[in-house]
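**Q** Below, each chain spelled out in residue letters.
Protein chains: 2
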Amino acid sequence: MALNMADEVKLFGFAFSPYVCRVKMALNMKGVKFQNIEEDPTNKSSQLLNYMNPVHKKVPVLVHNGNPIWESLVIVEYIDHVWKQVPFFPQDPYQKAVARFWAKFIDEKVFGKNGGDQQVVAEAYENMQILEKELGVKGKKFFGGDNMNMVDISAGFIAYWLPLLEEATQIKILTKDKFPKIMKWADDFVSCQVVKEILPSRRLVLAYYKKRFCKG
Amino acid sequence: MALNMADEVKLFGFAFSPYVCRVKMALNMKGVKFQNIEEDPTNKSSQLLNYMNPVHKKVPVLVHNGNPIWESLVIVEYIDHVWKQVPFFPQDPYQKAVARFWAKFIDEKVFGKNGGDQQVVAEAYENMQILEKELGVKGKKFFGGDNMNMVDISAGFIAYWLPLLEEATQIKILTKDKFPKIMKWADDFVSCQVVKEILPSRRLVLAYYKKRFCKG
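So the sequences go chain by chain: A and B.
Sequential numbering from 30 applies to the first sequence in this note's numbering.
Sequential numbering from 30 applies to the second sequence in this note's numbering.
Hints may be right or wrong, so weigh each one.
The list makes no distinction among identical chains, and a pair is therefore deemed to hold if it is satisfied within one copy or across any two copies.
Straight-line Cα separation of at most 25 Å, DSS-like style, residue types lysine-lysine; simulated pairs [claimed, not checked]:
id	residue 1	residue 2
1	Lys87	Lys167
2	Lys162	Lys240
3	Lys239	Lys210
4	Lys138	Lys73
5	Lys62	Lys113
6	Lys62	Lys210
To be clear, the hints were calculated from the coordinates, so they are not data collected in a lab.
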C-alpha cells in the first residue's frame with residue numbers, strides 16, 4: 030500500500046465520545062494529519078450515512094483514501110498497521126497477544142455499555158480491581174511500559190471520562206485509596222501532550238453527561 | 030522469536046465448545062501439532078487453573094512454550110502471527126481491517142452469549158441477515174474468498190453448532206429459503222478436511238445441548 034502526501038484521512042466523530050477520542054489519540058501518536066468532521070449523533074450527515082456500515086451505525090468512522098473503517102479498536106489497529114512509527118503493540122507475538130487481550134477486556138468488561146445501573150457499576154468496580162492489580166504487576170508508568178500502547182489507548186475512558194461521569198451521576202468508583210495505581214496512571218495519561226491535545230473540554234463533557242444521565 | 034521442533038503447544042479445552050474448536054481449526058489449518066487436553070468445565074484441572082487468567086476463567090487456553098494465551102479470537106490471531114503459512118488475514122491493511130470487523134461482529138453480535146431467549150434469537154436473526162447479504166456481496170465460497178480466513182474461523186458456530194442447537198431447542202433460524210448463501214457456506218465449511226477433522230460428534234453435541242437447554 031503506497032503512502033504519500035496525498036493520503037486523505039477523514040475522521041467522522043463526536044467530540045465527547047471516548048471511542049472517537051481513541052482514534053484521535055492514535056492518529057496524534059502517529060503524527061498523522063486528518064480532517065476532523067464533527068457529527069451530531071442524532072442527525073448524521075449524508076456524507077457519514079454514505080460511509081456507514083449496515084451493522085454498526087456509530088461513530089467513529091475513519092475514511093482513508095475513500096475506504097471507510099468502523100469500530101474504534103479495529104480503526105486503531107488499522108492505523109498501527111498503515112503507519113509504522115510509534116508502534117501500538119509489542120513486537121513479540123506473545124506480548125502482542127497479551128496486550129490484545131487486555132485492550133479487549135477493557136473495551137468489553139470495564140467500559141460498560143449501559144451508563145450507571147447498579148450491576149454495571151458493580152461489575153466495572155470488580156474489573157477495575159483486576160486492572161489495578163495488573164498495573165501493579167507491571168510496576169510501570171503505562172500499561173505499555175514506559176510508553177503508551179494499545180491497552181492505554183483502549184483504557185483512556187477510565188482516565189478522563191469516568192471521573193466526569195462520576196461527577197455527573199454522583200456514583201464514585203475511582204478513589205485514591207482503592208485505586209492508587211490507576212489514579213496515578215490516569216494523571217500520567219492525561220498529562221501526555223498527544224492526549225491533552227485531543228481531549229474535549231471537561232466542562233462540556235460534564236454538561237453533556239449531566240443532561241444524558243441525570244434526567245431528574 | 031525462534032521457532033523449532035521443540036515448540037510445545039498445549040490446548041486446554043472442552044470438545045463441544047465452538048470457541049475451543051476455533052483454536053483447533055486454526056492450528057489444523059496451519060499444520061501445527063498440539064497436545065489436546067480435555068477439561069471438565071465444572072471441575073478444571075489444577076494444571077489449567079495454574080494457567081488461567083484472573084479475569085477470564087474460560088477455555089480455550091493455549092499454552093505455547095509455557096506461555097498461556099486466552100480468548101479464542103486472540104489465540105487465533107496469535108497463531109496466525111507465530112506460524113506464517115496459510116495466513117488468516119488478507120495482506121492489504123484495509124482488507125485486514127474489514128476482516129477483523131466482521132470476525133468481531135460475528136463473535137459479539139451473532140454468537141449470542143445467553144442461549145435461546147427470544148430477544149437473543151431475534152437479534153441473531155437480524156444479524157444473520159446482514160451476514161447473508163455480506164456473503165452475497167462477495168459472491169465467493171468463503172468469507173475469505175476462495176479460501177477460509179479469520180471470518181470463517183469466527184463464524185464456524187453458525188455452520189455446525191447452530192443447527193444442532195436449533196434441533197435441541199426446536200427454535201429454527203437457519204432455513205434454506207431465508208439463508209440460502211449461509212446454508213451453502215455452512216455445507217462447504219463443514220466439508221473442509223481441516224474442519225471435519227476437529228469437529229466433535231453431532232450426536233454428542235446434540236445430547237449436550239439437550240441436557241443444557243431443555244430442562245423441561
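**Q** Now, for every hint given, state plainly whether the structure supports it.
**A** Going through the hints against the structure:
1. Lys87 with Lys167: So Lys87 and Lys167 pass the 25 Å test across copies only (23 Å; inside, 34 Å).
2. Lys162 with Lys240: neither (34 Å within a copy, 38 Å between copies)
3. Lys239 with Lys210: neither (28 Å within a copy, 47 Å between copies)
4. Lys138 with Lys73: between (28 Å within a copy, 23 Å between copies)
5. Lys62 with Lys113: within (15 Å within a copy, 33 Å between copies)
6. Lys62 with Lys210: Intra 33 Å, inter 41 Å, cutoff 25 Å: neither.
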